[in-house]
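*Asks:* Just so you know, the sequences run in chain order Z and C. Counting in this note's numbering, the first sequence runs from 333 upward without gaps. Counting in this note's numbering, the second sequence runs from 333 upward without gaps.
Calculated from the structure, these hints are not laboratory results. Fair warning: this is a prediction, and the values are worked out from it, not measured in the lab. Just so you know, not all the hints are guaranteed correct.
Treat identical chains as interchangeable: a pair holds within one or across any two.
[To be verified] Capping the alpha-carbon separation at 25 Å, the derived lysine-lysine pairs in DSS-like fashion look like this:
#1 Lys461 with Lys417
#2 Lys565 with Lys527
#3 Lys417 with Lys636
#4 Lys527 with Lys454
#5 Lys527 with Lys461
#6 Lys527 with Lys512
#7 Lys493 with Lys527
#8 Lys417 with Lys629
#9 Lys580 with Lys606
2 protein chains.
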Amino acid sequence: MNYIKIFAPATVANVSCGFDSLGFAVDAVGDEMTFTKTAEKGVKITNITGADLTYNIDENAASAVIKKILNTANADFGIALTIHKGFSPGSGLGSSAASAAGAAFGTNQLLGDMYSNLELTKFAMFGEKVACGSEIADNVAAAIFGGFILVRSYHPLEIIKLPVPSELRVVAIHPQISIKTKDARAVLPAEIALKDAVTQWANVGGLISGLYTDNYNLISNSLVDIVAEPARKSLIPFFDDIKNSATKAGALGAGISGSGPTVFALCEGDVVAKAVYKSIEESYKNTGINFEMFISKVNHKGIKIIK
Amino acid sequence: MNYIKIFAPATVANVSCGFDSLGFAVDAVGDEMTFTKTAEKGVKITNITGADLTYNIDENAASAVIKKILNTANADFGIALTIHKGFSPGSGLGSSAASAAGAAFGTNQLLGDMYSNLELTKFAMFGEKVACGSEIADNVAAAIFGGFILVRSYHPLEIIKLPVPSELRVVAIHPQISIKTKDARAVLPAEIALKDAVTQWANVGGLISGLYTDNYNLISNSLVDIVAEPARKSLIPFFDDIKNSATKAGALGAGISGSGPTVFALCEGDVVAKAVYKSIEESYKNTGINFEMFISKVNHKGIKIIK
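Model the full assembly from the supplied sequences, consistent with the hints where possible.
*Replies:* Below is the structure:
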C-alpha cells in the first residue's frame, strides 16, 4: 500500500458524568487525511485546508505522531501528508485528537498494520501532548476504537470499548467563541466533596449499564455532571438555554463536549434528534453569537478508510 | 398465606471502587426469619436466636420495618416474627440490612405481594435508619434484588440490577473485632482530589463493564479503592496481609466489606476460591485475633423462600 485516504471523526469527551474517562466518536463530522509513501524518509505536510494549522513537523499533532511512529517502526520510507479539517480547532470536539488519531491510523496502514488499537492510542496521545501539553486519551481512544470508550486506566493504559444502542443520536452546537483547554481546566476544583464524587460515579455506572442494556431511560437519568459542568458552564454563553431547549425537545441529556464550547445532546432516534436540533437552533439564533450545528449517529467504527 | 420462612442473605457493600454505590448478595451466609399472621394487629417478636438483639419493636430493624409496612398497607392482621441470625451484627456484612430486607420481603409475601422490589427497598431503608441512623440503600438493595446492584440515585431511588458472571465466588474473613459504622465514617475525608475521583469512577465503569461481559481480567483490574480503603484499612488489623494473601493465591481483588471489619475477596471459580480461603486462613491464624471465614457463590436471587 502506497497511499491511503481516511476519515478521522470528531469526538465528544467526558459525556457529562464521565469527566476524563468517557468519550464517543461522531459519524457526521471529522477530518480527511491522505498519506502517501515517499522514498525519502521523514514526514512532509504538503497541504492543510479547512483550518490554519502549523506546517512545523514537530508542532503539528498529525506530523509529530507520524514522525514518532516511523522512527519507532524504523520504517524505510517517509510519508507526505495532507489534512483537510472538517471542523474547527478549539471547538471541544477533539480536533487535535482527530489529527493525531488519524495520523496514527494512516501511518499504521502504510506500515502493513503493525500496531494494535491500544498502541495506536498511545502514539496518538503523543500528538495530544504536542497540541495541548498533556497526553489525554479519551478523544484519541474514541476516534481510534469508535463507539463509546472508557479510559479505565492510564498506567497501564486500558481502554474499554462499550456498546452503543442503535438509536443513539447526537446533536451538537458549536458557538463560535474560543475557550482554551487551559482556562477550562483552571476553573475546575482541585478537590470535590466525597458525596459528590459518589453521585458522579453512580452516574458513570448507570450510563455504562444503560449502554449495555439499550436502556435509554437509564442513560438519560445518568447523563448528569455535578463536577465539571457547574464549574465550566459559565464559560459557554447561554449554556443553560441550550440544555433546557434540548431536554424540552426530548433529548436524553445534554452537556459540555470536552472542555467546550461545543454542547452535545444525546437523543433516542432521528425524530427526536431533529426536534432537538430545531429547538436548540431556535433558542440560539437570537443570541448574537454565530454558531454551527450538526446531527449525527454515534460512529461505531472509529477511523474509516475512504480510499 | 399465613406463614412464611425465608433466608435473607448477607451482603457486601462498596465492593472496592463502588463506595456507597455498589453491593452484592452472598449465597452461603444469612439470616432465617419466620412470619406468622396473627389476628391481633401489630408486630410481635417471639424469638431471636444467634445474636443478642433488641425485642423493642421500634428499635429492632426487622420489626420496625414490619410495623411500617403493615401500617402503610392498612393491613387487617398482625405478624409474629422470629429471627435466627446466621452471622454477627457489626461484621460489615449487612446484618441490619438482612433483617430489614427480610422483614420487608416476608411481610410483603403475607400481604399477597403488594409491593415492588424498589418499594421494598425503601421500606428496608427505614430499617437501616432505625439500626444505623441513616437510610443507606446498598446492602438492603443487594439483599432484595440479589446479585450485584448499583444504587444509581437516592432521589429518586433508582436501583440497577447488574449481571453476575457465573464463576464469580466470594471468600470473606471476619476478624472478631468491632468497628462502629460511625467510626468508619469518621475516618473518611469529606473531600477528595478530583484526579482520585476520576480514577475511582473509571474503575466503577470498568467493574460494571466487566460484569456485563464476563471479563474477569477487567473486574480484577477495576477492584481498586483509592478513596475509602486507604482511610479505613488501619481499623482492620493485618488488612494488608489478608489482601496480599488473597491476591497471591489468585483472587481477582480484595477489599473491605461495607465499613468492615470483614474483608472480602472475589475469585474466578471454586478452585481459586478454595486456594484463596486457605491462603487467608494461613496468614491470619497466627495473629492472635479470632476470626470466621466463608466461601460463597454470589447470590443471584436475593431473599429466598424456604417454606
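*Asks:* When no copy is specified for Lys565 and Lys527, does a C-alpha distance of 25 Å or less occur within a copy, between copies, both, or neither?
*Replies:* Answer is both: 21 Å inside a copy and 20 Å across each meet the 25 Å cutoff.
*Asks:* Using 25 Å as the alpha carbon limit, work out where Lys527 and Lys454 are close: within a copy, between copies, both or neither.
*Replies:* between (33 Å within a copy, 20 Å between copies)
*Asks:* For the identical chains here, do Lys527 and Lys512 meet the 25 Å Cα criterion within one copy, between copies, both, or neither?
*Replies:* between (29 Å within a copy, 20 Å between copies)
*Asks:* When no copy is specified for Lys493 and Lys527, does a C-alpha distance of 25 Å or less occur within a copy, between copies, both, or neither?
*Replies:* between (28 Å within a copy, 22 Å between copies)
*Asks:* For Lys417 and Lys629, with the copy left unspecified, which applies at a CA distance of at most 25 Å: within, between, both, or neither?
*Replies:* within (20 Å within a copy, 54 Å between copies)
*Asks:* Regarding Lys580 and Lys606, is the shortest C-alpha distance of 25 Å or less found within a copy, between copies, in both, or in neither?
*Replies:* Answer is within: at 13 Å inside a copy they meet the 25 Å cutoff, but 55 Å across does not.
*Asks:* Quick one: Lys417 to Lys636, C-alpha cut-off 25 Å, is that within a copy, between copies, both, or neither?
*Replies:* within (15 Å within a copy, 60 Å between copies)
*Asks:* I want to check one pair: Lys527 and Lys461. Are their C-alpha atoms no more than 25 Å apart within a copy, between two copies, both, or neither?
*Replies:* between (33 Å within a copy, 18 Å between copies)
*Asks:* Regarding Lys461 and Lys417, is the shortest C-alpha distance of 25 Å or less found within a copy, between copies, in both, or in neither?
*Replies:* Cα proximity of Lys461 and Lys417: one copy only (19 Å, versus 58 Å across).
In summary, this structure violates none of the numbered hints.
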